[in-house]
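**Student:** One-letter residues, chain by chain:
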Amino acid sequence: MVERGTLSTGAEGAISERSLLSRVMAGVLSLLAIGGILITIAAFAYGRNAARQSFDRILLGAANDISETIYILEGRPVAEISVSAFGLLALAEDDRIFYSIQGPDGTVLTGYEGEGQTSALRAAQVTPMFYDSRMQGEAARFVTVARRFSERDFSGAVYVTVGQTLRARNAMALDLTRGAVVVTGLGGIALLLGAFFVIRSAMKPLERLTRELSDRDPYDLTPMSAQGPAEVAVMVRALNRFMSRLDRQVGAMKHLISDTAHQLRTPVAAIRAQAELAIEDDETRRSQRLERLVKRTRSLGTLLDQMLSRAMVMHRTDNAPPAAIDLRDIALHVFEESDHEVLAPDAEVDLSIGDRAVIVMADEISLGEAVKNMLANAMRHGEPPVTIGVSVERAFGHIWVLDRGDGPPEEVMKTIGQRFERSAASKGESAGLGLSIVDAVAKAFGGKVSMEKTGQGFRVTLSLPLQDEEQSS
Amino acid sequence: MIRATLANSLMSLAAIIAFTASGRAQEATEIFVAPDSTPDTVFVIRSTTDISIFSDLLEAFVRVRPTVELRYEQWGSNDLYADSREACDGQRASADVVISSGVHQMVDLVNRACASAYTSELTAQLPRQRMWRDELWGITREAAVIIYNKNLVANEEVPRTRFTLLDLMRRSPDDYRGQIATYDIEASGLGFLFAFMDSQQATTFGGLLEGFARVDAVATCCSAEIISSVDEGRYKIAYNVLGSYVNTAPHDNLGVIYPEDYTMFLSRALMIPKAAREKELAAAFLDFLLSPEGRTLLTQVDLIQESNSDENAGSDSTERYIPIDPTLLVAMDALRRDRFNAKWRDTFSKGQMP
Chain A
5 MVERGTLSTG AEGAISERSL LSRVMAGVLS LLAIGGILIT IAAFAYGRNA
55 ARQSFDRILL GAANDISETI YILEGRPVAE ISVSAFGLLA LAEDDRIFYS
105 IQGPDGTVLT GYEGEGQTSA LRAAQVTPMF YDSRMQGEAA RFVTVARRFS
155 ERDFSGAVYV TVGQTLRARN AMALDLTRGA VVVTGLGGIA LLLGAFFVIR
205 SAMKPLERLT RELSDRDPYD LTPMSAQGPA EVAVMVRALN RFMSRLDRQV
255 GAMKHLISDT AHQLRTPVAA IRAQAELAIE DDETRRSQRL ERLVKRTRSL
305 GTLLDQMLSR AMVMHRTDNA PPAAIDLRDI ALHVFEESDH EVLAPDAEVD
355 LSIGDRAVIV MADEISLGEA VKNMLANAMR HGEPPVTIGV SVERAFGHIW
405 VLDRGDGPPE EVMKTIGQRF ERSAASKGES AGLGLSIVDA VAKAFGGKVS
455 MEKTGQGFRV TLSLPLQDEE QSS
Chain B
565 MIRATLANSL MSLAAIIAFT ASGRAQEATE IFVAPDSTPD TVFVIRSTTD
615 ISIFSDLLEA FVRVRPTVEL RYEQWGSNDL YADSREACDG QRASADVVIS
665 SGVHQMVDLV NRACASAYTS ELTAQLPRQR MWRDELWGIT REAAVIIYNK
715 NLVANEEVPR TRFTLLDLMR RSPDDYRGQI ATYDIEASGL GFLFAFMDSQ
765 QATTFGGLLE GFARVDAVAT CCSAEIISSV DEGRYKIAYN VLGSYVNTAP
815 HDNLGVIYPE DYTMFLSRAL MIPKAAREKE LAAAFLDFLL SPEGRTLLTQ
865 VDLIQESNSD ENAGSDSTER YIPIDPTLLV AMDALRRDRF NAKWRDTFSK
915 GQMP
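Which chain is which? The protein sequence lines are A and B, in order. Heads up: take any position in the first sequence, counting from 1, add 4, and you land on the working numbering. Heads up: take any position in the second sequence, counting from 1, add 564, and you land on the working numbering.
No wet-lab data here; the hints were simulated from the structure. Note that CB positions come from ideal geometry on N, CA and C, so glycine has one too. Hints are not guaranteed to be accurate.
[Said to hold, decoys possible] Covered stretches of chain B, as calculated for chain A (at least 3 residues, CB under 8 Å):
| hint | region |
| --- | --- |
| 1 | 688-701 |
| 2 | 782-793 |
| 3 | 893-902 |
[What the hints assert, rightly or not] Going by beta-carbon spacing under 7 Å, a handful of chain A positions derived as facing chain B:
| hint | residue |
| --- | --- |
| 4 | 87 |
| 5 | 91 |
| 6 | 93 |
| 7 | 101 |
| 8 | 114 |
| 9 | 140 |
Could you put the whole structure together from the sequences, leaning on the hints where they help?
**Tutor:** Written out as structure tokens, the structure reads:
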């Protein structure tokens with residue numbers, strides 16, 4: 005199950021990583037393509053405009069050149085058309101030329117007649133008039149300029165119209181467009197290559213992660229190195245958290261099984277021995293044997309309870325999110341439960357809590373189990389009266405159990421709190437197990453367990469960091 | 565004027581039709597057909613070039629294209645221009661190829677969208693100044709020269725530049741009165757073009773006109789006539805004669821000068837009319853003219869004159885080409901032409917032939 009999951013995750017990672025690269029590249033490519041098309045259109049518009057402007061100037065230059073040569077001779081306008089005007093127009097090497105000089109009434113004095121002429125001559129009186137028309141069926145551009153005369157024998161405007169076909173303009177526009185497109189295309193290819201390498205290097209950590217994951221032994225739950233960009237590090241840390249939890253739970257399960265086997269072997273063997281003795285012994289001693297058998301069985305029950313409760317605590321501390329809890333509620337709850345009365349019906353238990361809430365972040369059930377174990381230990385090993393109390397000291401909330409006894413001997417104190425204690429277990433008792441639950445709870449919620457002999461007696465304290473206004477940021 | 569066809573020629577002569585110069589019509593027509601062939605296509609060339617000069621070339625062409633019946637019409641340049649204008653407007657049947665030495669008229673025809681375009685490897689090799697719009701091509705290279713009668717002009721008086729010609733006319737006007745001839749620019753498109761280009765090139769043109777007036781120079785028509793007149797001694801000197809025509813017949817008394825101040829070169833222009841029926845054939849004819857074989861044939865009849873082949877030719881800087889481009893349209897401008905002609909007429913009015 006786990007193995008298959010891990011492997012398939014690795015394989016999927018590799019596939020999606022490749023497709024991610026190709027998808028990003030496709031995006032970049034289409035962006036560049038759209039940009040290229042837009043630039044081409046813009047370049048063509050620009051090229052056409054530039055060609056139109058420059059060739060319009062030539063046209064106007066030629067028209068002005070021709071109009072300069074007009075003079076009045078014997079009351080008639082006469083033009084001495086210059087070669088330079090046509091030289092200007094010949095700059096557009098392959099374009100055909102139209103020219104026409106018209107008098108004030110529109111009659112053609114010299115030049116071509118027919119197509120390309122306009123009757124709207126008066127519009128050219130002040131500024132040159134450009135217009136598009138056709139020259140023998142071919143699209144052409146024309147300009148008309150006016151030259152006004154106020155001579156003694158002639159008054160009025162003479163109009164010079166010059167036209168040219170569009171070959172050179174179109175060639176220039178295309179040329180400009182082609183240049184722009186070539187440059188844009190080369191830039192686009194460079195950008196594309198750049199984008200490819202940048203994206204690939206940005207995806208390197210992902211690729212490494214994928215490789216590590218797919219190469220990983222499915223039973224290997226050790227953390228992976230969280231190097232690389234923030235996003236990958238977050239992923240790796242989440243993965244590591246998940247794996248360490250899995251590791252803890254697998255460990256807890258292993259511990260539970262081995263503890264259970266270990267702890268149960270002795271009491272079960274003892275019970276079997278008592279039962280066999282009870283069968284074999286004579287009638288008189290049988291009730292005594294049965295009484296021991298019951299005692300052993302009860303002790304085994306307690307042990308089982310504790311082991312299950314410890315397993316539950318281990319499970320909950322890993323799985324139940326901590327919540328704000330008033331330690332006084334826990335103390336009150338344990339106090340009100342009458343469990344201890346079963347163990348020691350005659351024992352006296354007191355409660356010592358203040359009137360202010362002592363809030364810590366913990367799991368209520370785990371904490372309850374821990375305090376119950378503390379109480380049970382005190383009832384079993386200590387001297388009554390026993391007190392359950394809650395107090396506040398600096399940044400810690402304390403929940404403690406005090407008995408009037410001297411506490412365990414020094415050598416026991418040293419080993420106390422380990423997962424289990426052989427001596428206790430062999431005696432069919434379970435102090436070590438109970439304290440190990442307390443210890444586990446304390447560690448799970450960032451607290452600690454302390455044991456001390458005070459003037460009043462022996463006190464076991466579970467301290468947890470206080471959750472108050474300042475700390476709950 | 566028209567040479568008879570040669571007996572050893574491959575062509576089978578069909579007809580020589582000569583017309584009088586009156587009216588707008590060809591001066592002569594000749595039909596070229598390859599021997600032993602039954603042509604099925606009529607191919608019409610209208611040209612200002614004398615048939616005798618072109619005949620070898622045309623024979624060579626029909627030999628390559630035996631299915632063609634080539635009808636060659638010889639025209640005067642002004643008539644040819646008018647005819648082509650009318651053909652362009654659809655009023656007359658169009659020729660398949662038009663070749664004219666009146667290059668300005670050809671440029672005008674192309675500018676009026678009367679030509680159709682053609683490109684080939686051979687046309688692409690032409691220099692830009694001998695081609696316009698891929699519709700007009702300069703197929704020859706002919707110099708405008710001064711010719712003189714060797715017997716009538718003393719060696720030290722031979723005018724090698726326009727300046728010496730000018731000096732000659734000023735110094736001894738009586739010796740040359742009525743003895744200097746040039747084209748009548750109103751009758752000849754080529755003559756007008758030469759005169760017009762002269763007026764563009766140098767200020768000597770005004771002086772030349774004045775000189776022509778002083779010696780009562782004669783404006784007359786047609787290259788061949790002028791050349792034979794000089795050879796026969798009717799004129800001592802002729803100015804602006806097409807050099808290519810000088811060597812078409814043996815002229816013992818003729819001296820040829822490539823003016824050393826500048827020599828004008830003309831490229832006869834060829835166009836394929838828009839309305840031509842045999843455009844493919846016309847294009848093939850153009851490619852034939854531009855091919856090495858065609859160029860060799862043109863060189864043989866002096867229609868391509870390489871400048872270094874002549875001892876009188878000046879350095880490159882004195883060569884002036886008449887470019888085939890729109891600037892020649894100025895020569896077609898009606899007002900300008902009228903004024904130019906008026907000035908010319910003014911000069912020659914006194915020297916008009918009796």
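**Student:** Take the hints in turn and mark each one as holding or not.
**Tutor:** Status of each hint after checking the structure:
1. With 4 residues having a Cβ less than 8 Å from any Cβ of chain A, the region 688-701 of chain B passes the three-residue criterion, so the hint holds.
2. Note: the region 782-793 of chain B has 0 residues with beta-carbon separation from chain A under 8 Å; the three-residue rule is not met and the coverage is violated.
3. For the region 893-902 of chain B, the stated coverage by chain A is satisfied: 6 residues place a CB nearer than 8 Å to a CB of that chain, which reaches the threshold of 3.
4. Given the 7 Å rule on beta carbons, the hint for residue 87 (chain A) holds: about 5 Å separates it from the nearest Cβ of chain B.
5. The restraint placing residue 91 (chain A) at the interface with chain B holds, with a minimum CB-CB distance near 5 Å, inside the 7 Å limit.
6. Restraint check, residue 93 (chain A) versus chain B: the minimum CB separation of about 6 Å is within 7 Å; hint holds.
7. For the restraint placing residue 101 (chain A) at the interface with chain B, the shortest Cβ-Cβ distance is roughly 5 Å, inside the 7 Å limit, so the hint holds.
8. A cut of 7 Å between beta carbons decides the hint on residue 114 (chain A): the least distance to chain B is about 4 Å, and the hint holds.
9. The closest approach between the C-beta of residue 140 (chain A) and any C-beta of chain B is roughly 4 Å, which is under the 7 Å cut-off, so the hint is satisfied.
The structure fails hint 2 only (numbered hints given earlier).
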